[in-house]
Structure formats: structure tokens, C-alpha cells
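Asker: Okay, here's what each chain looks like letter by letter:
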Amino acid sequence: MADTGVILEQARDRSFELDTRVKALIWTLASVALALGAWALLVVVLKPAPYILPAPWDVLMRTWSERSLLASHGLVTMGEIIAGLVISIVVAIPLGIAIVAIPVAEKLLYPIIVAFNAIPKVALAPLFVVWFGYGFLPRVLITSSIAFFPILVSTISGLIAIEPDLLRLARVLRAHRLQIFLRMRLPHALPSIFAGIKVATSLAVIGGIIGEFVASDSGWGYLLVQASGTLDTTIMFSVVIILAIVASLLFSVVGWLERMMVSWHASQRG
Amino acid sequence: MKRSSPMALVVSNSTPDDKGADASFISLRDAGKIYQTRTGKVVAVEAASFDLARGETLALLGPSGCGKSTLLMMIAGLLEASSGRILVNGRPLVGPIPELGFVFQRDLLLDWRSVLDNVLLPYALVGQDPKAHVDRARSLLNRVGLGGFEDKRPYELSGGMRQRVAICRALIDDPDIFLLDEPFAALDAFTREQMQLDMQRLSLEKPRTTILVTHEIPEAVFMADRIAIMTARPSQIREIVDIDLPWPRNMKTRESEAFARYVTKIHGMFANLGVIHG
Chain A
416 MADTGVILEQ
426 ARDRSFELDT
436 RVKALIWTLA
446 SVALALGAWA
456 LLVVVLKPAP
466 YILPAPWDVL
476 MRTWSERSLL
486 ASHGLVTMGE
496 IIAGLVISIV
506 VAIPLGIAIV
516 AIPVAEKLLY
526 PIIVAFNAIP
536 KVALAPLFVV
546 WFGYGFLPRV
556 LITSSIAFFP
566 ILVSTISGLI
576 AIEPDLLRLA
586 RVLRAHRLQI
596 FLRMRLPHAL
606 PSIFAGIKVA
616 TSLAVIGGII
626 GEFVASDSGW
636 GYLLVQASGT
646 LDTTIMFSVV
656 IILAIVASLL
666 FSVVGWLERM
676 MVSWHASQRG
Chain B
-14 MKRSSPMALV
-4 VSNSTPDDKG
6 ADASFISLRD
16 AGKIYQTRTG
26 KVVAVEAASF
36 DLARGETLAL
46 LGPSGCGKST
56 LLMMIAGLLE
66 ASSGRILVNG
76 RPLVGPIPEL
86 GFVFQRDLLL
96 DWRSVLDNVL
106 LPYALVGQDP
116 KAHVDRARSL
126 LNRVGLGGFE
136 DKRPYELSGG
146 MRQRVAICRA
156 LIDDPDIFLL
166 DEPFAALDAF
176 TREQMQLDMQ
186 RLSLEKPRTT
196 ILVTHEIPEA
206 VFMADRIAIM
216 TARPSQIREI
226 VDIDLPWPRN
236 MKTRESEAFA
246 RYVTKIHGMF
256 ANLGVIHG
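The listed protein sequences correspond, in order, to chains A and B.
Using my numbering, the first residue of the first sequence is number 416, and each one after it goes up by one.
Using my numbering, the first residue of the second sequence is number -14, and each one after it goes up by one.
Read the hints as simulated data drawn from the structure, not as lab findings.
Where hints are given, some of them may not hold.
Which bits of chain A does chain B cover? Going by a derived footprint, with three or more residues having C-beta under 8 angstroms, they are [as the list claims (entries may be wrong)]:
(1) 578 to 585
(2) 589 to 599
(3) 667 to 681
Beta-carbon label-pair distances, calculated as ranges [stated by the list, open to error]:
(4) TRP232(B) with PRO579(A): 33 to 39 angstroms
(5) GLY25(B) with SER682(A): 43 to 49 angstroms
(6) ASP173(B) with PHE531(A): 33 to 39 angstroms
(7) ILE534(A) with LYS26(B): 44 to 50 angstroms
(8) TRP232(B) with HIS591(A): 35 to 41 angstroms
Predicted model only: the values in this text are computed from it and were never measured.
All residues carry an ideal CB built from backbone N, CA and C; glycine is no exception.
Based on the sequences and whatever the hints tell you, model everything.
Answerer: This is how it looks when you write it as C-alpha cells:
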């Protein structure tokens, strides 16, 4: 047979896979060590005032001593980020589906959505304060209004980017509309939807913090504003570093979900 | 010596009200397609007419732009003819015909489904339980040399293997009509030749009325009972050539003098029509 069909990708050797993972981890740690080392060197050599650049060990000690304060404010911020993200996912994906599936919905809603997307969402924050006060709700709304659009846009573009031949095939097979949607369009759009959710995840972190800058009495963003007022740079560094770690963790969770759900896509096949 | 004539007697489920149904199972009467564009009318297919007997294979052969794919889409019921008539089994065509197997140039496999689930897709798309058809899917895959690959994902297969899966998907419901739109055009020459041989094995279970769109003269000669010679500008069928080579056709067929004569003859026809010029 001319085409004996070599299997292109066999299950990789387990030990080899483990080896590459360990290597990746070592490089990550080395990279972190480099950044911390450079920071420590700067502090030792230049001896800046602590309110300009605190030493890494001071930041670490302060983080430990203020751990309960940081945790309690963190809980608020994390709650906002996750709630905002979930709300935007739950609203944006069905809305995207409706816009693609129902021509009237597209004509009616799309201009509104485009206009709303053009607004810098931060500008809405003071308005939300007027409407909803300083509670949890306005901050979640700011977060989700920022995280919403990338998911909506990626859902729509993923759903409409299906090849015409695939739809012809569906017609030849006399496929039902619902089945075409469930078994062709939606799985086909998943990689794109996940790309949108990833962008939304980073935006949700930004949204949560900005919401707390404007309308808050708690959360890491509030803590940053307070610390800025008292020139408490050390605690600001704590918050920023924790935020970076938390954001990457959140990103990893989304990445893991993506690998679970679209393992078949080229982007997940390394 | 056509395989259609004796085998047509075996199949008896044609409509009794139409005596000529077996002789003209698919019948085109001046079927044409005109597109209205901003710059005016574009004739995609000019009045095509032919009769295809049950079990017969017709190749639509011609250069790109000759409307052969458009004609195939019309016969599949995916495009409406703007003039003339298309009859299938004596009935005018309305929408995609049932019991139709269609193979596209691209395999169009769904990456998120296993090979087996891709073959069973036609049932899933109409909301039927595919479980009842697993045995047939497995036997089809076996026949194209893909036994043991049922649980692989399409991206783990080579181009030729993927197109085999697509062919199995088209044959899963044992269609009477088999339409092939340049099915091997994306494959390398060796794989293509192998597939041309393998296709015959898949037609053994019952004669399928087949229309093959191709731009390869030897492929058309090897696979078809008759070849419709098509040209672009105007997009029309210029002539229909009978290929009187014995079935089953094999490697020896390709080496035969008769095969070479047909290839040369058809090549000459295209040269006379100005499709190829020196």
C-alpha cells in the first residue's frame, strides 16, 4: 500500500515527558531567582529609601506578618474577579450564540454591543458607584463589563469561522439545525472561545483592582490606595507580587480546562 | 463489458412506475446554472444533458472553471439548477437527495471525534443513535485498511488515511448514489493510485451510481464507464466518451494498450478543444 500511514504522534515516553516537565520547572525557578537576585542587588548596591524600593526580604517578612490582613482583603478581590469572570462567561457565550443563530438578534444587538465596547469601562466605574454604592456588586459589574467583550467577540468569530464545505456536508447528510450546532459549530468554536476566556481572565484581574480603586472599602486594590497614601511601599510590593501569582494561577486553571476540553486542537498538541 | 448492465438486474428496488429508471437512474435535461453578479450574468454550467444508468460511473473531466464541481453540486441537490431538469430515479430533484454519499476534496473530518465517531457522524447529525451501526463502520474501516485505527483522532492519521475515513463516512448508510468531488486531488501520486484501486473494492457490495469530478485524464479513464469531456468558457459538456475497459480494473489495466489509447485520445480531444495548446 502506498499509504501505509505512519502514526504521526504516538503516546510519548512517560519518563521523557516527566523529564521535560522537570526541566521546564527548573527554568522557571531560575528565572524567578534571576529577578529576585537583580532586585536584591539593586537594594544592596544603591541603598534606596524603603519607601522608594523596599528590600525583597523586608517585603517577604511584611507579607508574613500581615498575612491575615492580606488574606481577608484578598478573599474579597478574588471573589470579585471570579464572580466577574463567571458572569461574563455565562452572559457572553449564550449572547454570542444568539447573535450568530438569530439574524434579528444580530441586527438589533450588534450596534449596541459595538458602541458599548467602545466605552472605556473604567469610565463607567463612578456611574456604578452612584447606582450601586460601594459594595461588592459595583465592583463585580466593572470586572465583568471589562471581561465580557473578548469572550463575546471570540464566541461570535469562532462560530462563524466554520468552513462552507462542512456546512455543505451537513446539508448532504440532511443534518438537523440543532445537531449542526451542537456537533459541528460549537466544538469548532471552542478553541476560539477559550482564547477569549484567557484574555478575559487577565482583564478580570485588572477590572477587579480598578473597581476597588474607585468604589471600595476592602480588597487588594483598596489596600494599594491606602498604602499609597501612607507611602507604605513595602505592603504595596506584597500586594503586587501576590496579585501576579494569583493571576498566573487563575490563568493556569483556565489553561488546564482548555487542555481538558479541546485536547484535539492544534494549539494543544505541542 | 460494463459492470452496470448485469448488476442492475440484481437491484430491484427502483420505482415500478418508471420503466426507464434503471437505464436513466440519474438524468439531466439541459440542466444549467447561471449566477447573477453585479457585472452581469455568469454562466457556471451551460445546458448539460446525460443519462446515467444504475450502477454506472461517470467522470466529469475538465480543467478548473469548467463547472464540473458546480454540476456535481446541482446533482447532489445542494445547488438549484437555473434552467432545465434533473431527475433522480424518475423524480425531479428537490433539495439534497436521500441515500447520497458525497466525498469532498478535503476530508472534512471533525478533529474532536475519533475515527469511528467520524464515520458514524451522519447518524449523530440527524439525532439517531449510532450504536446500531458500529459494526458496519468497523467493517468499512477494515476494508479500507484502517482496522485498529477506530479510536485514533484524525490528526494522528496521514492525508490518505483521512480521506479513507471520509469515504467510509460517505458509505456508512450504503447509499445508491456516490458523488466524488476531486476526492484524491490533495493526495500524493502513489496514494492516489492506491485509492483509485481501493475504490473498486468498496463498490463490490452493490453497484453504486457514481459521478466522479476530476481533472486527471488517467484517473477518469481508470475509474469510469463513461467520461464527460468538459471545457471552460463556455462551461459545458462537449462530448461523452465510453470507456470500454474490462472490470475489475487493476494494475495491469493501466499498463494495457487500450488504457493508453484512451488517455491519448482524450488528451487529443482536449488539445483540439483548445484546453491544452503548445
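Asker: Each hint needs a verdict: does it hold in this structure or not?
Answerer: Taking the hints in turn, this is what the structure says about them:
Requiring three or more residues with a Cβ within less than 8 angstroms of a Cβ of chain B, the coverage given for the segment 578 to 585 of chain A holds, as 6 such residues are present. With a cut-off of 8 angstroms between beta carbons, the segment 589 to 599 of chain A has 8 residues touching chain B; three or more are needed, and the interface restraint holds. Residues of the segment 667 to 681 of chain A lying with their CB closer than 8 angstroms to a CB of chain B number 4, which satisfies the three-residue condition for coverage. Checked against the given bound of 33 to 39 angstroms, the beta carbons of TRP232(B) and PRO579(A), roughly 36 angstroms apart, stay inside it.
Against the hinted window of 43 to 49 angstroms, the Cβ-Cβ separation of GLY25(B) and SER682(A) comes to about 44 angstroms, which satisfies the hint. For the hinted restraint 33 to 39 angstroms between ASP173(B) and PHE531(A), the CB-CB distance of approximately 51 angstroms leaves it violated. Under the hint 44 to 50 angstroms, the C-beta atoms of ILE534(A) and LYS26(B), about 47 angstroms apart, fit the expected range. The given range of 35 to 41 angstroms is respected by TRP232(B) and HIS591(A), whose C-beta atoms sit roughly 39 angstroms from each other.
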